[in-house]
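When you get a sec, could you build the whole thing from the sequences and use the hints?
As a plain string of letters, each chain reads:
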Amino acid sequence: MALTHLGTRKTLAAYALLVPVLLLLTLIILIPSLWAAAMSLTNYRLGQALRYVGLDNYRIIFSDPQFWRSAVVTLKFVVASVALQMLLGLGISLLLAAQFFGQRLWIALILVPVAVTPSVSGTMWRYLLDFNIGPINYIVQQFGFERQMWLASETLALWVVVLVYVWESIPYVFLFLYPARITFPHSMYEAARIDGASPFQCFRYVTMPQLKPVFLVAMVFRTIFAFRTFGLVWNLTEGGPIGATEILAIYLYRQGFKYWRFGSAAAVAILLLAFTVAVSGYQIRTMQQSVFVFEKRK
Amino acid sequence: MPARSVKQRFLMWAALLVVVFAACGPIVVAILSSFKLERDIFTFVPKLIVEPTLENYQALVRDWPQFFVTLRRSMFVTICSAFVILVVSLPAAYAYSRLQVRGVSTTALFLIGVRMIPPIIITIPLYPLFRGLGITDTPVALILVYSAFEVSLSVMLLKTFIDGIPPEIEEQASIDGCSRFQAFIRVLLPLLAPGIIAVILMVSMFTWNDFVFAFLLTGTSAKTAPVMIGEMRGLIGQGAITWGTIFAAATVQMLPILTLIWIAQKRLVGGIVMGAVKG
Chain A
1 MALTHLGTRK TLAAYALLVP VLLLLTLIIL IPSLWAAAMS LTNYRLGQAL
51 RYVGLDNYRI IFSDPQFWRS AVVTLKFVVA SVALQMLLGL GISLLLAAQF
101 FGQRLWIALI LVPVAVTPSV SGTMWRYLLD FNIGPINYIV QQFGFERQMW
151 LASETLALWV VVLVYVWESI PYVFLFLYPA RITFPHSMYE AARIDGASPF
201 QCFRYVTMPQ LKPVFLVAMV FRTIFAFRTF GLVWNLTEGG PIGATEILAI
251 YLYRQGFKYW RFGSAAAVAI LLLAFTVAVS GYQIRTMQQS VFVFEKRK
Chain B
1001 MPARSVKQRF LMWAALLVVV FAACGPIVVA ILSSFKLERD IFTFVPKLIV
1051 EPTLENYQAL VRDWPQFFVT LRRSMFVTIC SAFVILVVSL PAAYAYSRLQ
1101 VRGVSTTALF LIGVRMIPPI IITIPLYPLF RGLGITDTPV ALILVYSAFE
1151 VSLSVMLLKT FIDGIPPEIE EQASIDGCSR FQAFIRVLLP LLAPGIIAVI
1201 LMVSMFTWND FVFAFLLTGT SAKTAPVMIG EMRGLIGQGA ITWGTIFAAA
1251 TVQMLPILTL IWIAQKRLVG GIVMGAVKG
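Going down the list, the sequences are from chains A and B. If you read the first sequence in the numbering used here, its first letter stands for residue 1, the second for the next number, and so on. If you read the second sequence in the numbering used here, its first letter stands for residue 1001, the second for the next number, and so on.
Read the hints as simulated data drawn from the structure, not as lab findings. This structure is a prediction, so every number in the text was calculated from the model and none was measured. Hints may contain errors.
Claimed, not checked - Not close to chain B: a few residues of chain A, all C-beta gaps over 12 Å, as computed:
| hint | residue |
| --- | --- |
| 1 | L156 |
| 2 | W159 |
| 3 | M219 |
| 4 | G263 |
To be verified - Per label pair, the in silico range of CB-to-CB distance:
| hint | chain 1 | residue 1 | chain 2 | residue 2 | range |
| --- | --- | --- | --- | --- | --- |
| 5 | B | V1006 | A | S187 | 55 to 63 Å |
| 6 | B | F1021 | A | L27 | 44 to 52 Å |
| 7 | A | W260 | B | A1014 | 35 to 43 Å |
| 8 | B | F1068 | A | K212 | 43 to 51 Å |
Even glycine gets a Cβ: it sits at the ideal position worked out from N, Cα and C.
Written out as structure tokens, the structure is:
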């Protein structure tokens, strides 16, 4: 009896301690998200009577050629940037796993792009890529190529934006893969080498199978984040030229904050959310299990 | 590890230097350019050796007092958010780590899941809502949003830190007549200092550098430094500002974070790496 009573008190205490955080998340994130879902079914505009319009907003978006252009741009952006950052992030993590003299300093320097706000990196890269005074065009010309309007060219802009985004993203991939890699015991590799494995075989049959779970988690996260990117792309091109880099977040921004079509903007937001859930639903569960679920007790 | 050949080691160091150069090069260029005269920036052939000048910083102070207003506001918002996050997440982390009762860990699903919602989604309903509450374009709106979006990470980090402290230490304090709360404040909190510092560093970095929320939820009176720099850059085509001045502003904005990384090199790198493993 006394024990049960103690248990109840403990339960109450636990929930009481959780109330502030749950309240904050509910009020600022959960309810507004549900509200966005409801808004996507209305004709919501500032200063206009609210009316339920069913799936009209979705119909309007799906019949908007600009939406489809944006969807294609987003798809290219996400696939190219995730593939590239995973590849380079993996390479850099494996390189650093060899341990260099001054290791900590090198890691700090590799992580530096994370510390730069999108408007500063946007400004920096706009200068570096400038047609007239950008050092990149100077280097390109030194190698005997024509200089380019990197960010103003309809064919090039998206790929340049992808590269700059990859620059910004690699440290995050590194933060997943490097710590995982350095936990692998040396003996694993020694055994492989004694069996005559080449460095490539070591990578293919020892490193990769071990790294795969973390690699996949990182890829899911990076996909979600690439899909919702706004700041860097906005600061580089504002979606231009002629929509060539207008990813979905920028399309959404225009609908909501330029044309004040909150209903349509909310509909795009819900599509973003649906994609996120589709990609990460399973991952959320895994994460909760690994961090929060306690070891089995009697 | 077997000894590597000289050639192998040379190639590895070369690769490392290329990576470090690619990561830091653009930032170094921006910082160096902030000490260049406009005519030395405005050349097609990059000038590597120039006479350093403070002219850009003087111009920034003279012509852009507004920038320093936004910088101070960024600082205010960052400090307040970190405070709110700690106050809210310390009790939660304690509950997750020490009060392991049924159902508690299930709420973590909510904690992580909600964090996955794309930030841009909530700006749409929050914009009219904050307008209704009269807090649109105020630092309060930003502090609320940052706290909500960073609190999950903070709880997870603090929880793993508390897990690392043996509960016997508090139990001993209880035997000595402390209440659970007293044991928390007097015994656990001091031991938790490294974790708290790690959390402050991480959430401050996110808040200080955030662009999306500040851009979408503020107008003129709650603008933060990142938004201000974006606007200043927008004026460059009109000749209203020089590249040098913008680079000076960018350098000032980056300075606190870069200094922190430098000072906390040891702890931060260890902390982030650990956070990534656990997270």
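Task: Those earlier numbered hints the structure runs against, lowest number first - done: 4, 5 and 7
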